[in-house]
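Q: Throw the hints in and build the complete structure from the sequences for me.
Residue numbers (the numbering used here), protein chains in the order written: chain A, 1 to 263; chain B, 1 to 263; chain C, 1 to 263; chain D, 1 to 263.
Read the hints as simulated data drawn from the structure, not as lab findings.
Zero decoy hints are in this set.
Cβ-Cβ distance ranges computed for the label pairs, FRET-style: (1) ASN53/A to TRP263/C: 48 to 58 Å; (2) ARG217/C to TRP263/A: 22 to 32 Å; (3) THR41/A to ASP220/D: 52 to 62 Å; (4) ASP47/B to THR218/C: 55 to 65 Å; (5) TYR112/A to LEU108/C: 45 to 55 Å; (6) ARG262/D to LYS78/B: 46 to 56 Å.
Distance condition first, Cα-Cα at most 30 Å in a straight line; then the derived DSBU-like pairs of lysine-lysine: (7) LYS104/C to LYS171/C; (8) LYS171/B to LYS171/C; (9) LYS105/D to LYS171/A; (10) LYS104/C to LYS74/B; (11) LYS171/A to LYS105/C; (12) LYS171/B to LYS104/C; (13) LYS149/C to LYS32/C; (14) LYS149/B to LYS74/B.
Source: prediction; values computed, not measured.
By construction, the Cβ of each residue, glycine as well, lies at the ideal position given by its N, Cα and C atoms.
Number of protein chains: 4
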Amino acid sequence: MSSSHQFSQPIAIIQGVGPGTGASVARKFAAKYPVVLLSRTEKSYKDIVDEINAAGGTAIGIPTDVADQESVQKTFEKINQLGEGGGKPKVATAVLNGLGTFVKKPFLDLTYDEFTTAYESPGRVSTSYIERGTFLFAHHVLPLLLAYKGTASGDSHPPTLIFTGATASIKGSAQFGSFAAGKWAARALSQSLAREFGPQGVHVAHSIIDGIIDIPRTKDWHVEHPDGKISPEAIADAYWHLHTQPRTSFTYEIDMRPYSERW
Amino acid sequence: MSSSHQFSQPIAIIQGVGPGTGASVARKFAAKYPVVLLSRTEKSYKDIVDEINAAGGTAIGIPTDVADQESVQKTFEKINQLGEGGGKPKVATAVLNGLGTFVKKPFLDLTYDEFTTAYESPGRVSTSYIERGTFLFAHHVLPLLLAYKGTASGDSHPPTLIFTGATASIKGSAQFGSFAAGKWAARALSQSLAREFGPQGVHVAHSIIDGIIDIPRTKDWHVEHPDGKISPEAIADAYWHLHTQPRTSFTYEIDMRPYSERW
Amino acid sequence: MSSSHQFSQPIAIIQGVGPGTGASVARKFAAKYPVVLLSRTEKSYKDIVDEINAAGGTAIGIPTDVADQESVQKTFEKINQLGEGGGKPKVATAVLNGLGTFVKKPFLDLTYDEFTTAYESPGRVSTSYIERGTFLFAHHVLPLLLAYKGTASGDSHPPTLIFTGATASIKGSAQFGSFAAGKWAARALSQSLAREFGPQGVHVAHSIIDGIIDIPRTKDWHVEHPDGKISPEAIADAYWHLHTQPRTSFTYEIDMRPYSERW
Amino acid sequence: MSSSHQFSQPIAIIQGVGPGTGASVARKFAAKYPVVLLSRTEKSYKDIVDEINAAGGTAIGIPTDVADQESVQKTFEKINQLGEGGGKPKVATAVLNGLGTFVKKPFLDLTYDEFTTAYESPGRVSTSYIERGTFLFAHHVLPLLLAYKGTASGDSHPPTLIFTGATASIKGSAQFGSFAAGKWAARALSQSLAREFGPQGVHVAHSIIDGIIDIPRTKDWHVEHPDGKISPEAIADAYWHLHTQPRTSFTYEIDMRPYSERW
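A: What follows is the structure, given as structure tokens:
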């Protein structure tokens, strides 16, 4: 990112932006807000940043390991200079995309390190990683969302913090203990935050994505029906809808699944 | 209604239309579809029918006691002639608004009749009434929704059946046994229908309205915050969002509550 | 039953006593209390009544259709003369065994009558039947349980009302809508009663029996493992354990399933 | 502990033994099994060890920080020599008592360290601590429980692993995010283990203790009713009941609360 960005208008922060859900969410929110995209590597967000900027929107990326305290701190030092006059920006929306993908493993084969440590390789994300990421992102972004509330004009939408969950957020399946422990913990935290910050005017929501998302990484995953994978655009549309709800009428939780999914 | 109505385009059917949520839902869906509004008395839907027609939309009302088998049958005989050439219409959406309002009463003071029989007076709606209404509406409208799927063109939305629930749909509070029994039963049925008809392409959704809705009837109900009642327009917006979801990405359940609600 | 029975000691009332769970529950509670057994036909409870009496316990049966208002009323007129001096008996425990067995049926093939009316043939029990039975039994037995609390001596167990649920009490599976609607409604009512009568010292509990019970009727039902059916004696043991809990420590809900059950 | 202990009979391992629930559970299981008690400090288990031994039972204690990998490893090296001939013992039951007590704190005042690190002072237990403890205890004890199954004679009870939860295991209340995240994660893991190890014959159960337990530490905590705290003996009785269930009829979850508790 160039240090020259200064936004007087409200912005959106999207954590976890690769070529899948994060990109769709970024594209959707970029129609109204400048978007700040966070991913571990620049490679992950580069294409969508370019696409949004080419299309007349504004997007910047900041490489961030959301489960690493120092990394998140550095990122928010930068973000906190993105506002008018190099001050804190108005943050209208923050989205934490799904941390981790599932690891199925017999419990006795799971190591303590796998359960407690962040892994570098994709899809090897520990319980603790999910929680650290959830905590750190929420902890840094909530003060900005709280502040935005104060400056929001009448016709704008309440500040919104959205967490992306999964089937494993509500079910502890056999051999999915590590993933489920992390996702349940993240959901518990999101529920607690909804109850604490809702009355302060910040909309905290959690979504349960119950099925395979139709993204490049899952292209070859077989499902019975050709349209049996969840559309990332539909997820983005739902998140936008959540963001537009007035504070009289906050949704805490939605689920989404393909019509053909068994549940 | 005049028998001369014949719609070649898809329509929406809204059950439970008074000056509150039903009217907002009708207004919202009328922007795209002709709407057929059902209420026990003509008085309940007259104003919104007039308003929609005056605004350039199309609305008709049919007096219906949704918990009365014969009444529902008669209504659907009429509806089934609303399509092209006096045949069955294409039904894109059907919404069953909240049956019953809560009755708080010590269990031992509750009579068997109150638990099992439909009451005429507003707000006195038995467990059985809620279920009969839910069954009858779903039973008559699902064949139409299934048929619409077949005739829907590519850019249209999947046929959608939405049930309006309440706090009592998920909690059996003390002295609310009769209301809760009915609302849990309706939710059970909606969940079963989502699982049966989802794979057939019909989107079945349930919403939990957790708080007081801001309608004429609750005008004088005190809540702590001036904006502490749920907006019926926001409910309508959420229902419209549900309707627009592609079948890759159906939401079964959302909740909605004021930011200030304790839960 | 002979009208000559008069019990000065507390009794237990078991509804739904055939050769399965009800018989095991009756046998278990008969070790401490005289038991009053209710079933639609004398044939259902005759064997277990004889067995308990032959073994030195005391059991009487009263034919009762628990979903029929008049029948339940008559039964409780008799019960209300079973106490000392022909007055009301002390009732320490009341158990409502599982009303209905599941009916799997496509929703559009289900008739309104099937959904709303009690059926005579075994296994054909409507939503409404389940609820009427739950309401009527609870309504008649709660005053007796409340009264017992007053007369209970220090070392006795709090009066207990136990409802037997099923998988369908918490899941609305496809084509099980009618059964699920009834079971969810019964659970809602039991939860409401627990919240209303718990503070008055009556222990209300609900059990979720998640699997096939090993009774004569299911003898030929195939399960993968030879010990893959739930033991009715184990259910009875659990109910007895619930009954012995002090009021400092009431369990509202337990589930039970075979070790081999998928859930 | 003296290294001379060798048990040919099955034993029970109770983690988290102070003067409260753990002591009651130890006392209860000591009636049938030698018990091995784990606590961070010898002081915590000394009294109950002495009491059980004086009463003719057998108890030994091993100081263990259940959230410390090395500490747990050392403890189980000792335990694994407690069997016949200095080999692995038969373990019939393992109980993990409630890790952590609640910390209520505004989310923005919570530090990253508080969320992620184990604290020494009582009642200051982080999310991560709860999970590490749950993982480590389960990971070390499950191989012993699995092995016991093989040596169990016909009339013994299936090997049982019980987790003690709390209200925060199912509700993320405002300002309880850290505690709830840990307890939800522990429940997720227990549910996953129940599904993985149940079919292998190990009974995994979770209990939700919804209220204040009546132990020395809570002696001065005010509740409205004199008998409004949960009895630790009743918890122990419930755990014993769970342990006695045959594998045809495993309970995964029970809740317990005072009759006077609002929920």
